[in-house]
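Novice: Sequence:
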Amino acid sequence: MNKTALLALCLSSHASWAGSGGDEATWQYTVQAGDTLWSFAAKHLSSPSYVPKLQQQNGIANPYRLTPGSQLVVPYSWTRQNESSVTIEALSGMVSVQDSDGQALKAAPGLHLQAGSRISTGKDAMLKLRMADGSMLQLWSNSKLTLGKQVFYPTTGAIQSQNRLDHGSASNAVVPRQLMPNRYQIYTPSAVTTVRGTEFRVRSLDDKDTATEVLHGKVSLASDAGEIDIPAGFGGRNGGKQSVALPKAPALDGVITISPFNPPLLEWHKQEGEAGYQLAISDAQTQQQLYNRSAETARFYPELPQNGRYLLTIRARNAQGIEGYDASRGFMLAASPLPPLIFSDGKRISQRGQTLWVGSSASPERPAWLQVARDPAFADIWYQGRLEQDSFALNLPDKGKWYWRLASLDSQGQPGPYGNTQELRIKAWYEMSLPGDRKLQARRYPVANARYTLQLARPDEPGRIVWQQSAAEPSWSLLRMPSGRFAATILVDGDGGYHAEERYPALLLP
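Heads up, the sequence shown is in the working numbering, so the first residue is 312 and it goes up one at a time.
The set of hints was computed from the structure by calculation and includes no laboratory data.
There may be inaccurate statements among the hints.
[Claimed, not checked] Ranges of calculated distance between the beta carbons of each label pair, as one might list FRET restraints: (1) K710 <-> G795: 30 to 40 Å; (2) S674 <-> G427: 55 to 65 Å; (3) G433 <-> E772: 42 to 52 Å; (4) G619 <-> P487: 34 to 44 Å; (5) D517 <-> D540: 21 to 31 Å; (6) D721 <-> N453: 28 to 38 Å; (7) A543 <-> G632: 16 to 26 Å.
[As the list claims (entries may be wrong)] Within a straight-line C-alpha distance of at most 25 Å, the following computed BS3-like cross-link-like pairs (lysine-lysine) qualify: (8) K529 <-> K439; (9) K552 <-> K519; (10) K364 <-> K354.
Note that the Cβ used here is the ideal one computed from N, Cα and C, for glycine as well.
Please put together the full structure from these sequences, using the hints given.
Specialist: Structure below.
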């Protein structure tokens, strides 16, 4: 059985704890001007019958005359106190809750949990708990927590909260109390963390390893290997020789602010000393957490449910396994509706006639938006309009270079992301050229070593693939494809485990 390591918070305040047991623990109260033992008992003790005992225990000659600034040692068992509950403040993902009898409870905001309740979170899940005094405990993904004793001291607003983190990680923000410090403890299989008003994290890595990181306050860590002090801005692990500085917040300047691709390519610059990362993604509007993951590299490619604003939060992990300060970056996903597929003449981009022919997957059910411009940045747009047919012709006013692109329209008539920019050169002289190999073309992804796989299936059997081909470019010869109406899926795979899927439910191939 592992010997318990003790982490005790050392804070300077007007009151301090003495003792560690439940009934043995005492409150050191600082006497105020005008206090008597009887007035103190009337306000803070459960019965005035404790006054003689309090007088004897503290060696007080006159219970009506107390010296301001002196200390009264008061057993907590004598004070006014109520059993309290813990309230679910927020949650996301798969969260399982059982009461002390093992009966399943429906986890929802506002649910009050009593001592003995057991909580577990699944992949990417999160649960935020509020104590009676407003202190918060946030349980992260793949974690297990058992609620222990919960006591509220109504005359001081302080609490006693004892909880066991069997596995995983939890962030804590404990409200500081000057009159009576909070008695807040988190047990793990290998350590005990005791705090009285601070912000810290505890992670139970396994039965023998607990890590703690202190953002505010000071922690003393004692174990078989000795005792170390962990001040704010430092972290330690039971068995460690000394505390180490928390890693700085990651530099997220290089993270995109808007993505037309889903999954978005979230990449940042790895700094010296960063061995890994803990990251989370939440909906910026609802604040619901969608992902909570550990990563070894400075990139993350999460598939997101829909267009909208999201918040990426990352903290670095050093070689000692200590996690540091958070950095956050908001970004917008604008990846749908998918741009239309294009029927092109392969690599032939020159012609003599001044008619622009546009072949695409546009239809009345999936209309598109066409833009034609003189420059590839589309700063000088000559034409733009709605397309509802798969073939469209447009007469251009003169020769030279022209550029065009397509986007699909959403249900509100607004264009989504545009596909690849197409170039057309209209020449003044006649030029012999062979007919181009007509191709079906999709948009490129900015992914290193991307591979594109086109899958075709009958609309009435979307799970049965009848044709499939992979390519280094998102372009496939129509001569090699079957004719008819198909449901098309494009798989995109690249370096770093990137994977995306684009689905087109109805595509008519010539």
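Novice: Determine whether the Cβ-Cβ distance between D721 and N453 falls within the hinted range of 28 to 38 Å.
Specialist: Given a distance of about 36 Å, which is inside 28 to 38 Å, the answer is holds.
Novice: Taking the beta carbons of A543 and G632, is their distance inside 16 to 26 Å?
Specialist: holds (19 Å)
Novice: Against the range 21 to 31 Å, how does the distance between the Cβ atoms of D517 and D540 compare: consistent or not?
Specialist: holds (25 Å)
Novice: K364 and K354 were given as a pair; does the straight-line alpha-carbon distance stay at or below 25 Å?
Specialist: holds (16 Å)
Novice: Is K552 close enough to K519, meaning Cα to Cα at most 25 Å?
Specialist: holds (16 Å)
Novice: Does the Cβ distance between G433 and E772 fall inside 42 to 52 Å?
Specialist: violated (33 Å)
Novice: A range of 34 to 44 Å was offered for this pair. Does it hold for the Cβ distance of G619 and P487?
Specialist: holds (37 Å)
Novice: Measure nothing beyond the straight line between the CA atoms of K529 and K439; if it is 25 Å or shorter, mark the hint as holding.
Specialist: At roughly 24 Å apart (the allowed maximum being 25 Å), K439 and K529 satisfy the hint.
Novice: For the range 55 to 65 Å, tell me whether the beta carbons of S674 and G427 fit it or not.
Specialist: holds (60 Å)
Novice: Cβ-Cβ distance between K710 and G795: within 30 to 40 Å?
Specialist: holds (38 Å)
Comparing the model with each earlier hint shows a violation of hint 3 alone; every other hint is respected.
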